[in-house]
Amino acid sequence: MVPQLEDLGDVRGKTVLVRTDFNVPMSGPDDARIIVDDFRIRAALPTINWLIERGAKVVCASHLGRPKGTPNRKYSMDPIRKRLTEFAPGVELLENLRFNAGEETNDQDFVRELVDGVDLYVNDAFGAAHRSHASIVGPPKTLPSAAGRLLQREVEVLSELRNQPKRPLVAVLGGAKISDKIGVIEALSNVVDSFVIGGGMCFTFLAAKSLPIGDSLCEADQISFCKQLLQSKVQIHLPEDIVGVDKDGNFATFGVRLPDGAKGLDIGPGSAAAFADIIMGARSVFWNGPMGMFEDDRFAAGTRTVAQAMSETQGVHGGWWW
Numbered sequence: 001m002v003p004q005l006e007d008l009g010d011v012r013g014k015t016v017l018v019r020t021d022f023n024v025p026m027s028g029p030d031d032a033r034i035i036v037d038d039f040r041i042r043a044a045l046p047t048i049n050w051l052i053e054r055g056a057k058v059v060c061a062s063h064l065g066r067p068k069g070t071p072n073r074k075y076s077m078d079p080i081r082k083r084l085t086e087f088a089p090g091v092e093l094l095e096n097l098r099f100n101a102g103e104e105t106n107d108q109d110f111v112r113e114l115v116d117g118v119d120l121y122v123n124d125a126f127g128a129a130h131r132s133h134a135s136i137v138g139p140p141k142t143l144p145s146a147a148g149r150l151l152q153r154e155v156e157v158l159s160e161l162r163n164q165p166k167r168p169l170v171a172v173l174g175g176a177k178i179s180d181k182i183g184v185i186e187a188l189s190n191v192v193d194s195f196v197i198g199g200g201m202c203f204t205f206l207a208a209k210s211l212p213i214g215d216s217l218c219e220a221d222q223i224s225f226c227k228q229l230l231q232s233k234v235q236i237h238l239p240e241d242i243v244g245v246d247k248d249g250n251f252a253t254f255g256v257r258l259p260d261g262a263k264g265l266d267i268g269p270g271s272a273a274a275f276a277d278i279i280m281g282a283r284s285v286f287w288n289g290p291m292g293m294f295e296d297d298r299f300a301a302g303t304r305t306v307a308q309a310m311s312e313t314q315g316v317h318g319g320w321w322w
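Take 1 as the starting number for the sequence shown in the numbering used here and just add one per residue.
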């Protein structure tokens, strides 16, 4: 069993470092970034509020984007800190963990810096829990530690789906980055009957199949991982049409071969309908991540269709959206 908040004992008067995942979608110029969707901040509130209500001092820590180990105003936590203060006054938020190169290399000096003056550690960053980063694997070695409510829920859902799934079991995965889903994929790859892949991560899979993806998001360092998964026994459902913008920025619909300069930003209507049919035919469904850039209404249809299918299916649901 993963230790839970209750296992920390009396937290009154203690400083608790909470590793959150506040890697929220942002827009605007580098010096005036705006939060597009604050779901990930709100998702951490059950853990934060539980600690505050019991007299703890809460210090949150998160990454945002990929600043590559150096401070970058584009990835400053300032807008997130302001929003967090609205939800939970008095809670501190450290600057972007990835401004320090030691975060991604699990540098022990950076670990000591993080835990200095801290009494307890809570990991509530499900999307980053698989990473061997300083803020994930370092503090539990020296501090009493527990899973936050969000991480606890996801572990329970995954355990249930892995151990006693009702079949067919389908995992619907979206979001921008495959690297954020590796832990989920590895946990479910030998259990699910099929994966349904949408969101920005689908373009790395399409690239792995040697299909042209224009200027769509692609994690080149994850193409080999995608190829391995495509060659495995598990069935992979990828989009057959894409919605996005052409090279001139105009709204457009494409097949799976995107022209130069085009950018895919949502699954197409045909793919959304096909994915909905797969979900409706499943007895267990795990959903993690949107099907497109849902914060722009032009590219929200795929996510809405999947959400509607999830609400109508009689199967067991698990996971959290983004």
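Bear in mind the hints are in silico, worked out from the structure with no lab data behind them.
Some hints could be false.
Derived DMTMM-like pairs: lysine to aspartate or glutamate, alpha-carbon spacing no greater than 25 Å straight-line [stated by the list, open to error]:
1. K74 with E95
2. K141 with E113
3. K82 with E295
4. K233 with E160
5. K141 with D116
6. K227 with D193
7. K209 with E219
8. K57 with E95
9. K68 with D78
10. K177 with E86
11. K166 with E186
12. K68 with E219
13. K68 with E86
14. K68 with E104
15. K68 with D215
16. K68 with E113
17. K227 with D248
18. K227 with D241
19. K14 with D31
20. K57 with D31
21. K74 with E53
22. K74 with E113
23. K209 with D246
24. K141 with D193
25. K74 with E6
26. K74 with E219
27. K227 with E186
28. K82 with E160
29. K14 with E95
30. K227 with D31
31. K57 with D30
32. K141 with D109
33. K82 with D296
Here is what the structure says about each hint:
1. K74 with E95: holds (12 Å)
2. K141 with E113: Holds - the C-alpha atoms of E113 and K141 are around 14 Å apart, at most 25 Å.
3. K82 with E295: holds (20 Å)
4. K233 with E160: holds (22 Å)
5. K141 with D116: Within the cut-off at roughly 13 Å; holds.
6. K227 with D193: holds (18 Å)
7. K209 with E219: holds (14 Å)
8. K57 with E95: holds (17 Å)
9. K68 with D78: The hint holds at about 18 Å.
10. K177 with E86: Outside the cut-off at roughly 29 Å; violated.
11. K166 with E186: Distance of about 19 Å is within 25 Å: holds.
12. K68 with E219: Judged against 25 Å, a Cα distance of about 15 Å means the pair holds.
13. K68 with E86: violated (29 Å)
14. K68 with E104: holds (9 Å)
15. K68 with D215: holds (22 Å)
16. K68 with E113: Holds, at about 19 Å.
17. K227 with D248: Roughly 31 Å separates the two Cα atoms, so the pair is violated.
18. K227 with D241: holds (20 Å)
19. K14 with D31: Status violated; Cα separation ~35 Å.
20. K57 with D31: violated (30 Å)
21. K74 with E53: With Cα atoms ~34 Å apart, K74 and E53 exceed 25 Å; violated.
22. K74 with E113: At roughly 24 Å apart (the allowed maximum being 25 Å), E113 and K74 satisfy the hint.
23. K209 with D246: Status holds; Cα separation ~22 Å.
24. K141 with D193: Outside the cut-off at roughly 37 Å; violated.
25. K74 with E6: violated (37 Å)
26. K74 with E219: Answer holds: K74 to E219 is near 20 Å, not above 25 Å.
27. K227 with E186: holds (14 Å)
28. K82 with E160: violated (37 Å)
29. K14 with E95: holds (21 Å)
30. K227 with D31: Distance ~39 Å between K227 and D31 Cα, so the pair is violated.
31. K57 with D30: violated (31 Å)
32. K141 with D109: OK: K141 and D109 at ~14 Å, within 25 Å.
33. K82 with D296: holds (23 Å)
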